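Enquirer: In case you want the letters, here they are:
Protein chains: 2
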Amino acid sequence: MDAVSRIERALAAALDHADGPNAPPRLGKAMQHAVFPRGARVRPRLCLAVAAACGEDDPAAADAAAAAIELLHCASLVHDDLPCFDNADVRRGRPSVHRAFGEPLAVLAGDSLIVLAFQTLARGAGASSRLGPLMEIVGAAVGAPAGISAGQAWECEPPETVDLGEYQRSKTGILFAAAAMAGAVSAGAEGGAWRLLGERLGEAYQVADDIRDAAADPEEMGKPAGRDLALGRPSAAISFGVSGAVERLEMLAAEAVAAVPPCRGAGALRGLIRSEAKRLMPASLAGSVAA
Amino acid sequence: MDAVSRIERALAAALDHADGPNAPPRLGKAMQHAVFPRGARVRPRLCLAVAAACGEDDPAAADAAAAAIELLHCASLVHDDLPCFDNADVRRGRPSVHRAFGEPLAVLAGDSLIVLAFQTLARGAGASSRLGPLMEIVGAAVGAPAGISAGQAWECEPPETVDLGEYQRSKTGILFAAAAMAGAVSAGAEGGAWRLLGERLGEAYQVADDIRDAAADPEEMGKPAGRDLALGRPSAAISFGVSGAVERLEMLAAEAVAAVPPCRGAGALRGLIRSEAKRLMPASLAGSVAA
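Sequences listed follow chains E and F, in order.
Sequential numbering of the first sequence, starting at 1, is according to our numbering.
Sequential numbering of the second sequence, starting at 292, is according to our numbering.
Chain E on its own, in the form it takes in the complex:
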């Protein structure tokens, strides 16, 4: 089974656990809306790619780690879209969760997806001594002091006090780092060696997002463009200009390729990273990346 099919199956199974005949009907629908149809699934694909590169020996643990990380990513998008943050009406070309189901259910769907992520880890890796280390990695990537909720909290600090690198590391980079590290740990390998690869990929992804926000066609993105400037948010495309940001993306992708630790599947993983880096560019800028 290919990686994308494994991820979709693991996410569908997780969401099945969160629904049932005695559940409030609209909560389950709001959670489904947040997770399906699929986005790029870039974090769980990274997780499974690293697990494979490390000689995966526990597919249930790898699937659980990948699904948990994607559920947490989806939860963060639901809360990030809320009126008190980005007030985004559209996500992946459809109404955002709070536009489709109302603000209360968007808050609760996000909360429930966070919990479901940890339940999914416990179900897939609960019998293994790897559960504790996996929880440490995933928890650190999403909570305070340096996970994605902390990254979002930097948007609540005075802009002049925010370090762009620190902000992007916690807003995006750390969940990529966790995806890579959790993939390794799910396969019985040491996680720390994979942090740098994930961080570089995550920073590349954030820079690419900034470029798309500043330069791309809204229809191509599935959400409105120009939000960072309108909302006064930190952005590499605003700080360095679009061409400076493109150079930065190329550098980060090259650093990610160089950061693959020695392992059985290193060659295939480097190829995957190069093709991801190309995919990250808006179509209007494609072809300029040589990672």
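Just so you know, these hints were derived from the structure itself, not from any lab.
Hints may contain errors.
What the hints assert, rightly or not - In silico SDA-like cross-links for lysine to any residue, where the CA-CA straight-line distance does not exceed 25 Å:
| no. | chain 1 | residue 1 | chain 2 | residue 2 |
| --- | --- | --- | --- | --- |
| 1 | E | Lys29 | F | Gly393 |
| 2 | F | Lys569 | F | Ala516 |
| 3 | E | Lys29 | F | Glu427 |
| 4 | F | Lys320 | E | Pro158 |
| 5 | E | Lys29 | F | Ala431 |
| 6 | F | Lys320 | E | Lys29 |
| 7 | F | Lys320 | E | Asp163 |
What the hints assert, rightly or not - Per label pair, the in silico range of CB-to-CB distance:
| no. | chain 1 | residue 1 | chain 2 | residue 2 | range |
| --- | --- | --- | --- | --- | --- |
| 8 | E | Arg279 | F | Glu481 | 34 to 42 Å |
| 9 | F | Gly479 | E | Arg227 | 51 to 59 Å |
| 10 | F | Gly517 | E | Gly102 | 20 to 28 Å |
| 11 | F | Asp307 | E | Val90 | 38 to 46 Å |
| 12 | F | Arg385 | E | Gly102 | 58 to 66 Å |
| 13 | F | Val381 | E | Ala60 | 40 to 48 Å |
Nothing here was measured: the structure is a model prediction, and the numbers come from that model.
Glycine included, C-beta positions come from ideal geometry on N, C-alpha and C.
Assemble the complex: chain E is given as a structure, and chain F must be docked to it using the hints.
Expert: Relative to the frame of chain E, chain F by itself:
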């Protein structure tokens, strides 16, 4: 060390892990505001009381379970107070988190507290085979389909479709059940035998809260009264009248006492439950409870 001191120490240690020199400063402050100064800590006290009754042999796991459950309770209060739910200005006699720190940080503080709860479990029980079962119990109590976020989601369904018992079980009862079960599991005992005790106590607590909301002095409660009626929420005091709700509370407390499974510390635990049931009544109604 007494139970309350252990709980406060475990919570303070958990929050220390969530802060640091590179963290966004106001997020940590918002999380502290949500957890301290302490409320009644009734759930973690139940957890430690059951662990003790079961012959506690792993205090770190019991402390972690107790702290995790209280962190999840605090997180639910922060989100429950948000403008899109109760729009509560006051909690425990102080401004609610969103009134003190703004709505974005209230959402993020709640999210971070949920994550911190699972991190706390992993830190305290990560080396033990009890981590998986503890996570299953705690996760089921806070997520979908039947945990406290599902309980809150029933408030987003048409009122005529909501079963009061189901609503109260998931809104409050299940976290009490989890507190009792997690206390038992942290001590190596079987959790299921403790569910009924927790459910009855939780339902008693919810009924007491409904009575206080309908009948109590706002200063005594530390938050405004009469919110259930104003917001059209399910309430035992509205369904049965205050005196009917008091009778129901007495019955539930008696059932909780009867539900204590055979164990070394059963006598002490029954005494604790009786004194809790008295404490749950507003001062204006005290003396009528004979549990």
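Enquirer: Please go over all the hints and tell whether each is borne out by the structure.
Expert: Hint check results:
1. E:Lys29 x F:Gly393: 29 Å, violated
2. F:Lys569 x F:Ala516: Roughly 20 Å separates the two Cα atoms, so the pair holds.
3. E:Lys29 x F:Glu427: Satisfied, since the Cα-Cα distance of roughly 23 Å is no more than 25 Å.
4. F:Lys320 x E:Pro158: 15 Å, holds
5. E:Lys29 x F:Ala431: 18 Å, holds
6. F:Lys320 x E:Lys29: 34 Å, violated
7. F:Lys320 x E:Asp163: 20 Å, holds
8. E:Arg279 x F:Glu481: 34 to 42 Å: Given about 51 Å between the Cβ atoms, the range is violated.
9. F:Gly479 x E:Arg227: 51 to 59 Å: Between Gly479 (chain F) and Arg227 (chain E), where Cβ atoms are some 52 Å apart, the hint holds.
10. F:Gly517 x E:Gly102: 20 to 28 Å: Because 24 Å falls inside the window, the suggested range holds.
11. F:Asp307 x E:Val90: 38 to 46 Å: Check passed, 40 Å falls within 38 to 46 Å.
12. F:Arg385 x E:Gly102: 58 to 66 Å: About 28 Å separates the Cβ atoms of Arg385 (chain F) and Gly102 (chain E), which means 58 to 66 Å is violated.
13. F:Val381 x E:Ala60: 40 to 48 Å: Between Val381 (chain F) and Ala60 (chain E), where Cβ atoms are some 47 Å apart, the hint holds.
Of the numbered hints stated above, those contradicted by the structure are hints 1, 6, 8 and 12, listed in ascending order.
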